[in-house]
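**Student:** The primary structure of each chain is shown beneath.
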Amino acid sequence: ETGVTQSPTHLIKTRGQQVTLRCSSQSGHNTVSWYQQALGQGPQFIFQYYREEENGRGNFPPRFSGLQFPNYSSELNVNALELDDSALYLCASSSSSGGDEQYFGPGTRLTVT
Amino acid sequence: SQQGEEDPQALSIQEGENATMNCSYKTSINNLQWYRQNSGRGLVHLILIRSNEREKHSGRLRVTLDTSKKSSSLLITASRAADTASYFCAGRPSGSARQLTFGSGTQLTVLP
Numbered sequence: 001e002t003g004v005t006q007s008p009t010h011l012i013k014t015r016g017q018q019v020t021l022r023c024s025s026q027s028g029h030n031t032v033s034w035y036q037q038a039l040g041q042g043p044q045f046i047f048q049y050y051r052e053e054e055n056g057r058g059n060f061p062p063r064f065s066g067l068q069f070p071n072y073s074s075e076l077n078v079n080a081l082e083l084d085d086s087a088l089y090l091c092a093s094s095s096s097s098g099g100d101e102q103y104f105g106p107g108t109r110l111t112v113t
Numbered sequence: 114s115q116q117g118e119e120d121p122q123a124l125s126i127q128e129g130e131n132a133t134m135n136c137s138y139k140t141s142i143n144n145l146q147w148y149r150q151n152s153g154r155g156l157v158h159l160i161l162i163r164s165n166e167r168e169k170h171s172g173r174l175r176v177t178l179d180t181s182k183k184s185s186s187l188l189i190t191a192s193r194a195a196d197t198a199s200y201f202c203a204g205r206p207s208g209s210a211r212q213l214t215f216g217s218g219t220q221l222t223v224l225p
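Keeping their order, the protein sequence lines are chains A and B. For what it's worth, the numbering used here labels the leading residue of the first sequence as 1, then goes sequentially. For what it's worth, the numbering used here labels the leading residue of the second sequence as 114, then goes sequentially.
FYI, nobody ran anything at the bench for these hints, they're computed from the structure. Yeah, the Cβ is synthetic: ideal placement off N, Cα and C, and Gly gets one too. Misleading hints may appear alongside valid ones.
What the hints assert, rightly or not - A few chain A residues that don't get close to chain B, going by computed Cβ distances all over 12 Å:
hint : residue
1    : P8
2    : K13
3    : G16
4    : Q17
5    : Q18
6    : V19
7    : R22
8    : L67
9    : L81
10   : D84
11   : L88
12   : G99
13   : D100
14   : Y103
What the hints assert, rightly or not - Selected chain A positions facing chain B (Cβ under 7 Å, derived; list incomplete):
hint : residue
15   : A38
16   : G42
17   : F104
Using the sequences and the hints, build the whole thing.
**Tutor:** Okay, structure coming up:
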């Protein structure tokens, strides 16, 4: 167990709806990264938050947005859901003063119908 | 887009045998990491090798890195059924802020 938790575990939404996924980082970690993993693929980097600011973004449209809170927990918001957004969403925490290893949560499985 | 490509995509071996997975990547990296993922779950960090290192060991794991060929390999010795999982290489691109770019993974099946 990494100490990173995510909620909910599973979620089913309809195309066009909005969704919020949550992540609590490991104690002592101040950086949270979000990844999208489609079935049979490797995770793709969405964005990273450090000290409540976005600190790097992958090739995802603006309808993917996030927040980081003072306790370093984080949210991923996706607006106007599309069928292709169906995936496992993973958050990973790390420490800016530590190594580059990232510690992943168990993920949220999002299904868009 | 995926940074790396693992080879093979799938590997099936008998318990006790060694498993070797290869990874090639496209851009310069600060380090390369290997992660393991059990079916549909989160990823677990296995080992990190820096761009100035050529080989690293951790328990039954051995990782090599060849920056001139932009490639890495992961060797799992004396495999066990519990090693059955997907294995991903992930590079931290030079100059990036701790983001990781993952390959497409190798599905390893260890038969008892």
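**Student:** For each hint, tell me whether it holds in the structure or not.
**Tutor:** Quick rundown of the hints versus the structure:
No Cβ of chain B approaches the Cβ of A:P8 within 12 Å, the least distance being about 15 Å, so the stated non-interface status holds. With 12 Å as the threshold on Cβ separation, the claim that A:K13 sits away from chain B holds: the shortest Cβ distance comes to roughly 18 Å. Annotated as non-interface, A:G16 keeps its C-beta farther than 12 Å from every C-beta of chain B; the closest such distance is 26 Å. Interface exclusion of A:Q17 from chain B stands, the closest Cβ pair being 23 Å apart, more than 12 Å.
Once the 12 Å rule is applied to beta carbons, A:Q18 is consistent with being away from chain B; the minimum gap is 24 Å. Distance check on A:V19: its Cβ is at least 19 Å (rounded) from any Cβ of chain B, clearing the 12 Å threshold; non-interface status holds. Every CB of chain B is more than 12 Å from the CB of A:R22 (nearest about 15 Å), matching its label as outside the interface. Listed as outside the interface, A:L67 is consistent with that label: its C-beta sits roughly 18 Å from the nearest C-beta of chain B, beyond the 12 Å cut-off.
Distance check on A:L81: its Cβ is at least 20 Å (rounded) from any Cβ of chain B, clearing the 12 Å threshold; non-interface status holds. For A:D84, the condition that its CB be more than 12 Å from all CB atoms of chain B holds, with the nearest at approximately 15 Å. Some Cβ of chain B comes within 12 Å of the Cβ of A:L88; the nearest lies about 7 Å off, and the non-interface call is violated. Remark: the non-interface label on A:G99 conflicts with the geometry, its nearest Cβ contact in chain B lying 7 Å away (cut-off 12 Å).
The claim that A:D100 lies off the interface is violated: its Cβ sits roughly 5 Å from the closest Cβ of chain B, which falls inside the 12 Å cut-off. Distance to chain B contradicts A:Y103 as a non-interface residue, since its nearest Cβ pair spans about 7 Å, not more than 12 Å. For A:A38, the interface hint is violated, the least distance from its beta-carbon to any beta-carbon of chain B being 10 Å, above 7 Å. Interface restraint check: A:G42 against chain B, minimum CB-CB distance 4 Å, threshold 7 Å, status holds.
Taken as an interface hint, A:F104 checks out: its beta carbon lies about 4 Å from the nearest beta carbon of chain B, inside 7 Å.
The structure does not agree with the numbered hints 11, 12, 13, 14, 15 stated previously, though it agrees with the rest.
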